[in-house]
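Top line first, the protein sequences correspond to chains A and B.
Following the working numbering, the numbering of the first sequence begins with 257 at its first residue and continues without gaps.
Following the working numbering, the numbering of the second sequence begins with 14 at its first residue and continues without gaps.
Simulated from the structure, these hints should not be mistaken for laboratory data.
Only a predicted model underlies this, so the values are computations on that prediction, with no experimental measurement involved.
Heads up, a few of these hints could be off.
Claimed, not checked - Below are the SDA-like pairs computed for lysine to any residue, each with C-alpha atoms no more than 25 Å apart in a straight line:
(1) B/373 to A/778
(2) B/367 to A/881
(3) B/373 to A/777
(4) B/373 to A/780
(5) B/373 to A/444
(6) A/866 to A/478
Said to hold, decoys possible - Covered by chain B, according to a simulated footprint, are these stretches of chain A (three or more residues, beta-carbon under 8 Å):
(7) 431-443
(8) 451-457
(9) 660-670
Cβ atoms here follow ideal geometry from the backbone N, Cα and C, with glycine treated the same way.
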Amino acid sequence: MLDAMLLGLGHVLSGEHFLFLCLGVLLGLVIGILPGLGGIAGMSLLLPFLYGMDPISALAMLIGLIAVIPTSDTFTSVLMGIPGSSGSQATVLDGFPLSKKGEAARALTAAFAASLVGGLVGALILTAFILVARPLVLSFGSAELFMLTVLGLSMVGVLAGRSLVKGLAACGLGLAFGTLGGAPATGEFRMTFDLIYLTDGLPLVVVGLALFALPEIVDLMRSGRSISETARLGAGRLQGLIDVIRHRWLVLRCSIMGCLIGALPGLGGTVVDWIMYGHVVQTARDKTQFGKGDIRGVIAPESANNAKEGGGLVPTLLFGVPGSGSMAVFLGGMVLLGIEPGVRMLQYQLDLTYAIIWSLALANVVGAGACILLSRPVAKLTTIPYGYLAPFMLMVILFASYQATRHWGDILALFLLGFVALYLKRFGWPRPAFLIGFVLAPASETYLYQAVQFYGWDWIWRPGVLVIGALTLGSIYLGIRFAPKEVEKTAAAAAENPWPQRIFALLILGFFLVCLWDNLDRSFLGRVFPVTVAGAGALFSLLAVVLLFRAGSGHAIYTDLDRESAVGDRPPERSAEHYLLWFAALVAGTWLIGLLPAVFLFFLAFLRLKAGASWALTLLLAVAAVGFLVFMGGLLTIVYPEGLLEDWIGLDLRP
Amino acid sequence: MTYLRKGLGGVAAVLGLGAALVTGAPTAAQAADLSGRTVEWIIPFAAGGGSDVWARIYAPFMQRHLAGQPNVVVRNVPGGGSTIGANQFQQRARPDGRTILGTSGSTQFPYLLDDQRVQYEYRDWIPILASPTGGVAYISGRFGIEDASQLDQVMETELVYGSQGATSLDLVPLLAFDIMGMNVRAVFGMQGRGEGRVAFERGEVTVDYQTSAAYISRVTPLVEAGEAVPLFSWGALDEDGNLVRDPTFPDLPHFAEAYEMVHGEAPSGPAWDAWKAFFIAGFAAQKMVFLPGGTPDDMVEVWREGLDAVVADPEFVEAAQEELGAYPQVTRAAAERIVEMAINVPDEAKEWVKTWLREKYNVDI
Numbered sequence: 257m258l259d260a261m262l263l264g265l266g267h268v269l270s271g272e273h274f275l276f277l278c279l280g281v282l283l284g285l286v287i288g289i290l291p292g293l294g295g296i297a298g299m300s301l302l303l304p305f306l307y308g309m310d311p312i313s314a315l316a317m318l319i320g321l322i323a324v325i326p327t328s329d330t331f332t333s334v335l336m337g338i339p340g341s342s343g344s345q346a347t348v349l350d351g352f353p354l355s356k357k358g359e360a361a362r363a364l365t366a367a368f369a370a371s372l373v374g375g376l377v378g379a380l381i382l383t384a385f386i387l388v389a390r391p392l393v394l395s396f397g398s399a400e401l402f403m404l405t406v407l408g409l410s411m412v413g414v415l416a417g418r419s420l421v422k423g424l425a426a427c428g429l430g431l432a433f434g435t436l437g438g439a440p441a442t443g444e445f446r447m448t449f450d451l452i453y454l455t456d457g458l459p460l461v462v463v464g465l466a467l468f469a470l471p472e473i474v475d476l477m478r479s480g481r482s483i484s485e486t487a488r489l490g491a492g493r494l495q496g497l498i499d500v501i502r503h504r505w506l507v508l509r510c511s512i513m514g515c516l517i518g519a520l521p522g523l524g525g526t527v528v529d530w531i532m533y534g535h536v537v538q539t540a541r542d543k544t545q546f547g548k549g550d551i552r553g554v555i556a557p558e559s560a561n562n563a564k565e566g567g568g569l570v571p572t573l574l575f576g577v578p579g580s581g582s583m584a585v586f587l588g589g590m591v592l593l594g595i596e597p598g599v600r601m602l603q604y605q606l607d608l609t610y611a612i613i614w615s616l617a618l619a620n621v622v623g624a625g626a627c628i629l630l631s632r633p634v635a636k637l638t639t640i641p642y643g644y645l646a647p648f649m650l651m652v653i654l655f656a657s658y659q660a661t662r663h664w665g666d667i668l669a670l671f672l673l674g675f676v677a678l679y680l681k682r683f684g685w686p687r688p689a690f691l692i693g694f695v696l697a698p699a700s701e702t703y704l705y706q707a708v709q710f711y712g713w714d715w716i717w718r719p720g721v722l723v724i725g726a727l728t729l730g731s732i733y734l735g736i737r738f739a740p741k742e743v744e745k746t747a748a749a750a751a752e753n754p755w756p757q758r759i760f761a762l763l764i765l766g767f768f769l770v771c772l773w774d775n776l777d778r779s780f781l782g783r784v785f786p787v788t789v790a791g792a793g794a795l796f797s798l799l800a801v802v803l804l805f806r807a808g809s810g811h812a813i814y815t816d817l818d819r820e821s822a823v824g825d826r827p828p829e830r831s832a833e834h835y836l837l838w839f840a841a842l843v844a845g846t847w848l849i850g851l852l853p854a855v856f857l858f859f860l861a862f863l864r865l866k867a868g869a870s871w872a873l874t875l876l877l878a879v880a881a882v883g884f885l886v887f888m889g890g891l892l893t894i895v896y897p898e899g900l901l902e903d904w905i906g907l908d909l910r911p
Numbered sequence: 014m015t016y017l018r019k020g021l022g023g024v025a026a027v028l029g030l031g032a033a034l035v036t037g038a039p040t041a042a043q044a045a046d047l048s049g050r051t052v053e054w055i056i057p058f059a060a061g062g063g064s065d066v067w068a069r070i071y072a073p074f075m076q077r078h079l080a081g082q083p084n085v086v087v088r089n090v091p092g093g094g095s096t097i098g099a100n101q102f103q104q105r106a107r108p109d110g111r112t113i114l115g116t117s118g119s120t121q122f123p124y125l126l127d128d129q130r131v132q133y134e135y136r137d138w139i140p141i142l143a144s145p146t147g148g149v150a151y152i153s154g155r156f157g158i159e160d161a162s163q164l165d166q167v168m169e170t171e172l173v174y175g176s177q178g179a180t181s182l183d184l185v186p187l188l189a190f191d192i193m194g195m196n197v198r199a200v201f202g203m204q205g206r207g208e209g210r211v212a213f214e215r216g217e218v219t220v221d222y223q224t225s226a227a228y229i230s231r232v233t234p235l236v237e238a239g240e241a242v243p244l245f246s247w248g249a250l251d252e253d254g255n256l257v258r259d260p261t262f263p264d265l266p267h268f269a270e271a272y273e274m275v276h277g278e279a280p281s282g283p284a285w286d287a288w289k290a291f292f293i294a295g296f297a298a299q300k301m302v303f304l305p306g307g308t309p310d311d312m313v314e315v316w317r318e319g320l321d322a323v324v325a326d327p328e329f330v331e332a333a334q335e336e337l338g339a340y341p342q343v344t345r346a347a348a349e350r351i352v353e354m355a356i357n358v359p360d361e362a363k364e365w366v367k368t369w370l371r372e373k374y375n376v377d378i
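One chain only, chain A, in its complex shape (with noise of 0.2 Å):
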């Protein structure tokens, strides 16, 4: 064994693999700070100069690109509330309020340094692990991969914010909607109404950027201001490295976990971030910062966020079974490769196993330490009038969503949804709630049916059920005990019109009620899971319902952000409807002429009115983004959404 180190060691520190790493560390970031551009585009750049290359080199390269896009991404999501992929959406919580708060550059370098621990925390615990792996990873079988996702639910109560009823309800709308699609058991379609483009779900990608990025932008473009509010780059990086080392056995617990529940085939990756970022809201002494710009609300999900990649080459190493996204690609990589992943790379490759592993945290450092680099430059995005950056932001939400499925579907999805999350986020309905709902839905409800028909109701009394049903319940005794007591003063200003907060919480009931309906002639084992999510999301929002009507003026039920606001300092010029209208001509815009002529239009019309550039800056900056955007498109061969026009005047543009 110590000689398959040795050797693997070998193939990691020679001078032409650390070449090859960079290079691909370096694909990586311009592919990872694009969100929705993950591995599958950096794959499609990598793969003509893989075929025939040296199998070590290649691996090399495919590590460095897949290992660093769970980093970059997060320079979308701090500073800018989007989250680059399922991985960074625990990041947004208090990431991007930093970023208001003009520390942005502080935010990032914690981020990074966490991620870079916990990469290497990573690697150093696959060394040993993965030669026993096996018998472990096994040992958790459908039942404990569903108490973990019950472990994650059980983070609501964290997320829930000021009203747990409306945190509940907004979790059942969550898994009410991940229930979308084929049932896992029976594969009937549920709530598809026929559109073929629903039978799979909802993308994770797309309602994660109509949940948090759509209503952030709204409300930026409303301001008028910068994103950090001050204009200017606060506490800087120095301040980010003093956090992390502040909070070292934070990173390294969640490094740790970050690598074990990583590993665990099935389910890991998914769950991660969010059970960290629980974690530490439930272990912290003083909440009161978390979701308006707590670093540990930062560190806790980067430093599992780069573990977790670590543990997914666990079963993709072991079993052949990608433990993630990403994972996938690097499987499919390995394969073109020749390289057959699976217990006999251990048996006979333990050398390449070990190169691969620890190439994993080398491009870990390598990618986090540019990073951190760039992040001082990178963070003054925030201090530019939003009216310049809102079009960007908008076009590249629209293009990333676009890339989840590459139907129009994704864009129609991203636009209700995130007219959804407006009021969702203005009502202080919570957005974290709704989306641990979304992401653990189809995981709980399978692995329930599973367990049920491998094991009768006995799975119950498995060990493994019980420890994490153990954790469970301490988790909810934590939330419960150290609650924050108070209920916050501005919840009075609120209650001035309360009318449109009935309203939506009515829209929410009836929501609820149509997935009753749409399910209840469904066979058993198709309507069991929505059914009982729908009742008792239904419970839930009559329940809030009943209060708005019912309870004073000062109860914590009642919010609305938008009167908040109103009497802050100086009231918004336009409604937030306003904006989503912008937004909509371009979606609209796009449908008639293309993606590419429409956001040119787009930007003339934005910037010229909204803004008020001047017309030289504002031909350059249409131009500058049309050009990025072809210039992205050829070199990563993406599909950028046709317009109507180009085929009803037979327009053929391909090359």
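For chain A, the structure is supplied; the task is to place chain B on it using the hints.
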């Protein structure tokens, strides 16, 4: 810089310069040649999966051997169990040799079962390549049987199979177990064959199958460790369409042989006919490549010649051997024949399967 042209072209069109400036449009009667072109290969599955890897093994060799050395780009259009990508190809692909579609058994089955999501018609397309594969069924070592001939010892035992869904490719194994008389309970909701195998390794699942490549690399170690016992392969088709032993697993009986070992006679009847039809559509002709209908003959010939050269390239043969198994990659008339067999499933067989799905798995299509 393919998109440079496209982008500038698009903006120019909007600015009123019209389609006149469109640089990319081909002049009408060009010699059949793909030089300077980009070929878009639609794969209706996500990146990283079996069909994606299959296409990516082929793509660089197509690039090398097609007349004019075009750039071949794999475009993943996943969704709707591969119906979205296939529908898109049916509706939008232009017949100019620059868009091709790669299908898999998962594209064939919904078509054969008249799934409402299907808006494509195989008969409209021009088949240019077929890639067969096979599969091996295996059982947990804990039952103590050594091969298919001892299957009668476990007929009373309830076996568990982890499935992606009764109308997926799993139709073939589920129907095979049923015909064999085995008592198999299917547990659905598996995402991919890999998950089913991991559940087998965990001991939750007791009977499973893998396609050839996955079986060789990932199940053989389990067989060596005594955790898995191979039962039979699905088999392969000979020139005349008869079921014969799979060339990749010459030592394993094929399904019909195994049936004979257990029951003393060859399988027959509507269930068997249906199984064989769906086996052909799902495995013997698992992956296929099509040009859109109406593609000019000279362009079809460019593709046929190119693919002939690809499958004869020794470097490709070596790569394919490893990843796709020891199956002949079929072009030209042979490909048309195999596609014909795959989609010409007799109505009786279709109806029989639909009834079976409804009665056994409560699936209404």
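Against the structure, the hints come out as follows:
1. B/373 to A/778: The given pair, whose Cα atoms are some 17 Å apart, holds under the 25 Å limit.
2. B/367 to A/881: Distance ~52 Å between residue 367 of chain B and residue 881 of chain A Cα, so the pair is violated.
3. B/373 to A/777: holds (19 Å)
4. B/373 to A/780: holds (15 Å)
5. B/373 to A/444: With a Cα-Cα distance of about 15 Å, the restraint between residue 373 of chain B and residue 444 of chain A holds, given a limit of 25 Å.
6. A/866 to A/478: At roughly 10 Å apart (the allowed maximum being 25 Å), residue 478 of chain A and residue 866 of chain A satisfy the hint.
7. 431-443: holds (count 5)
8. 451-457: It holds, with 4 qualifying residues against the three required.
9. 660-670: Contact hint for the segment 660-670 of chain A vs chain B: holds, 3 residues under 8 Å.
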